[in-house]
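**Q** Top to bottom, those sequences are chains X and G.
Using the working numbering, read the first sequence as starting at 5 and increasing by one per residue.
Using the working numbering, read the second sequence as starting at 1425 and increasing by one per residue.
If you are wondering where the hints come from, they were derived from the structure by calculation, not from laboratory data.
A quick note: this is a predicted structure, and the numbers were derived from the prediction, not measured.
A few of these clues could be false.
Said to hold, decoys possible - These stretches of chain G come out as covered by chain X in the derived footprint (C-beta under 8 Å, 3 or more residues):
id, stretch
1, 1427-1441
2, 1512-1518
As the list claims (entries may be wrong) - The calculated label-pair distances, taken between Cβ atoms and stated as ranges, are:
id, chain 1, residue 1, chain 2, residue 2, range
3, G, 1564, X, 106, 48 to 58 Å
4, G, 1605, X, 122, 29 to 39 Å
5, X, 115, G, 1488, 29 to 39 Å
6, G, 1488, X, 35, 17 to 27 Å
7, G, 1568, X, 180, 28 to 38 Å
8, X, 70, G, 1438, 17 to 27 Å
9, X, 120, G, 1558, 28 to 38 Å
10, X, 262, G, 1450, 16 to 26 Å
11, G, 1542, X, 45, 49 to 59 Å
12, X, 99, G, 1510, 47 to 57 Å
13, G, 1558, X, 171, 28 to 38 Å
Here a beta-carbon is modelled for each residue, glycine too, at the ideal position from N, C-alpha and C.
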Amino acid sequence: MSNIRESQSAPRQLAMVLDLNKCLGCQTCTVACKKLWNKDSGSDYAYWNSVETLPGRGYPAEWQETGGRDSEGAVKRGEIPDIDTAYGRAWNFNHKKTFDSAGKPGAQKEWLRPDSNPKWGANWDEDRGAGEYPGNNHYFYLPRLCNHCTHPACLDACPRKSIYKREEDGIVLVDQDRCHGYRFCVEACPYKKVYFDYERQVANKCIFCLPRIEEGVPMACARQCPGRLRFVGYRDDPEGPIWKLVDKWKVALPLHPEYGLAPNVFYVPPMSPPQLDARGRPTGEPRIPLTYLESLFGDSVGGALETLVAEREKRKQGRPSELMDLLIAYDWNQSFALGPKDAEVSLE
Amino acid sequence: MKKTLDLIAAPTGMQPGDYVPRVYSDRDGPQTPSVSLEVEHSTRGWRFHVRWPCPKPVQDTGGQSNLFPDAVALVAPSVPEAQWVTMGAPGLAIGGFLWRADREPLIRMRAEGFGTVQRSEAENVRQVTSEWNGGEWSLAFEVAGWKELDETRRLAIAVWRGSARERAGLKSVSPGWIEVGT
Ligand code: SF4
Ligand code: SF4
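Hey, can you work out the whole structure from these sequences and the hints?
**A** Structure representation (structure tokens):
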């Protein structure tokens, strides 16, 4: 990684783990984030947190096709996604027509629908997935946000040094006062998690809810998640959930580790039920192909799945499993380790 | 003064950051090969007329994530030692005016080295006209008082071609300062 000149890891790194076995695809996280931070009209198309159905084209469409670093560690040239074809434009609805047509005797009822004719959008291919029913059809949800990378491509790309990584927690931020809207960061981030506000002409991105974090309160996406699948803490805290899931149990893996950015958002990969043969009998082959999961989470995914299955079996037999108890999130406070004030969730 | 100037691609190898110098190292030759520059000085101040080839103009970037406008900057050194190729240096400022095809009015800019451009509202700029016609942009404007140019009588020019996604250091530039005389 000798070619990484600009980026440096922070002394302390805040991180998140998401257990994909528990995501409902409800988009509560997406809405919580959007409502809290990102209502500016120039980034109406932008979701700092998005949840996509995989296998699928994703948001923005085909984001996995470009970017990352080459074998020397140098950032590759990426693309700036188009709002109409890749992100999907925010919809306008025929509210007025619908309202005006209501209750008018004899009038044609106008149903609520988009005014425009969109061709793509976030979550467009929801629940489509891959495979053939009933033999091997499959899909899962992948919630995505900025990875607050240890080697952020966005930071390397900015000629104005408008992007920086905070010393105290490794959160990657855009200084919008410095930003001139050149969008090299949008181009370079292979996860496509920096956005351009076309009205204010500046970049914006997930801030890991830093004002909440500074108060010991988890991010809105994590705190609002009904699936309780998000874990938050510091990478180096051996008492916290991140270290346990990433380093101790090795079941939480970065997305596209081969991009070389060292993400600090990790995923517990999805287990899947077996495929069925022509006579409807389980084959023992998982529905989500291991090769597909490896293309997302790297070579360690098989080992992580084996650990998950083994620990689940233990728990089924009534034996203790620290891993399963943590993942089940019986005690939600254990999912968040942020500091003295983190125990904000009362289970009384 | 009236001149046709040959432009060069601004050297990407010198650009700040770890990305642009690497991924744009293959840029050979300027997107905009030449400009015609007319400069007049009178008691009213400076008057400029710039014309340059542009086969596919980008004037409207509204509501889009991936469009960059055509743009031109005229820049002067505050002191003779200030270098154009580095956008000046600390204590050796350069200053000028930026025109963007997608907005009015002009923008005043000042820099003391790569990546340090500060933008502000341009004052004393009048009579701005711009038109794209038959593959060419024509831009004219007057500046009533331009401190750097008044003092050093040197100018440099940068042209960004929006259709080639040029912005920041991706631009065609005059190789050095141009003496505008009096
Ligand atoms: S995910 Fe993208 S935007 Fe976030 S830190 Fe990494 S490179 Fe930057
Ligand atoms: S709120 Fe939780 S369960 Fe719902 S989509 Fe987001 S991560 Fe998945």
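**Q** Of all the hints numbered above, which does this structure not satisfy? Sort the numbers upward.
**A** 2, 4, 11 and 13
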